[in-house]
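S.K.: Counting in the numbering used here, the sequence shown runs from 5 upward without gaps.
Please note: incorrect hints may appear among the correct ones.
Heads up, simulated DSS-like pairs for lysine-lysine below, C-alpha to C-alpha not over 27 Å straight-line [what the hints assert, rightly or not]:
1) Lys70 / Lys187
2) Lys70 / Lys84
3) Lys187 / Lys84
No lab work stands behind these hints: they were computed from the structure.
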Amino acid sequence: MSTEYSAVAVNFLREIGLTLVEVPSIPNASFLEDVRVVEGTLHYLASAKACNLLHEAGHVAIVPAKYRHLMNDDVEVGVKAMFQQMEIDHVMPGTPEFQAGLQVSEAEASAWSWAAGLAAGIPEELIIEDWCFEGEGALQRTRFLSNMHYGVNGLATAGFCRTRETDLRPGVVFPELNFWLQK
Numbered sequence: 005m006s007t008e009y010s011a012v013a014v015n016f017l018r019e020i021g022l023t024l025v026e027v028p029s030i031p032n033a034s035f036l037e038d039v040r041v042v043e044g045t046l047h048y049l050a051s052a053k054a055c056n057l058l059h060e061a062g063h064v065a066i067v068p069a070k071y072r073h074l075m076n077d078d079v080e081v082g083v084k085a086m087f088q089q090m091e092i093d094h095v096m097p098g099t100p101e102f103q104a105g106l107q108v109s110e111a112e113a114s115a116w117s118w119a120a121g122l123a124a125g126i127p128e129e130l131i132i133e134d135w136c137f138e139g140e141g142a143l144q145r146t147r148f149l150s151n152m153h154y155g156v157n158g159l160a161t162a163g164f165c166r167t168r169e170t171d172l173r174p175g176v177v178f179p180e181l182n183f184w185l186q187k
């Protein structure tokens with residue numbers, strides 16, 4: 005069943021504009037055994053889990069488009085490179101581009117992957133499996149289901165969504181998203 009939904013995840017991620025390449029192997033130095041980020045592209049094994057595909061895609065999707073190529077295995081290194089490039093480009097704090105760059109943490113990637121998995125029709129327990137997040141996958145699902153996950157606020161700040169109906173920002177309420185890829 006998991007492989008079926010992995011194919012669903014791959015198709016969804018390609019449809020929204022991410023680049024994915026199926027590869028025969030993933031180097032041992034990668035964070036995950038079945039998916040890795042290479043210059044903003046997802047390299048994945050045919051046996052990749054949907055949860056890993058969605059989560060790594062989240063790391064790429066929430067980064068402003070012109071900096072996605074800086075994302076590799078350790079996305080924190082890519083985020084540092086993004087801010088160095090923003091400084092070179094004179095992107096000032098307070099601008100929408102800078103603000104979007106601030107919202108690219110693990111929490112936002114997790115929230116994005118939850119929204120993407122639901123939109124793709126993947127069962128909740130496969131979007132975030134129990135073993136994910138150091139065995140706290142069920143807790144993460146509960147946080148999303150109760151609208152209490154901290155990553156949602158970051159997505160809202162970056163323009164992806166509103167946190168709830170009373171949120172005065174424009175657009176849809178999480179887990180729906182206004183757009184899939186940060187501009």
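S.K.: Give a verdict on every hint.
M.R.: Hint by hint, here is what the structure shows:
1. Lys70 / Lys187: Given pair Lys70, Lys187 holds - Cα atoms ~8 Å apart, limit 27 Å.
2. Lys70 / Lys84: Within the cut-off at roughly 14 Å; holds.
3. Lys187 / Lys84: Cα-Cα ~19 Å, so holds.
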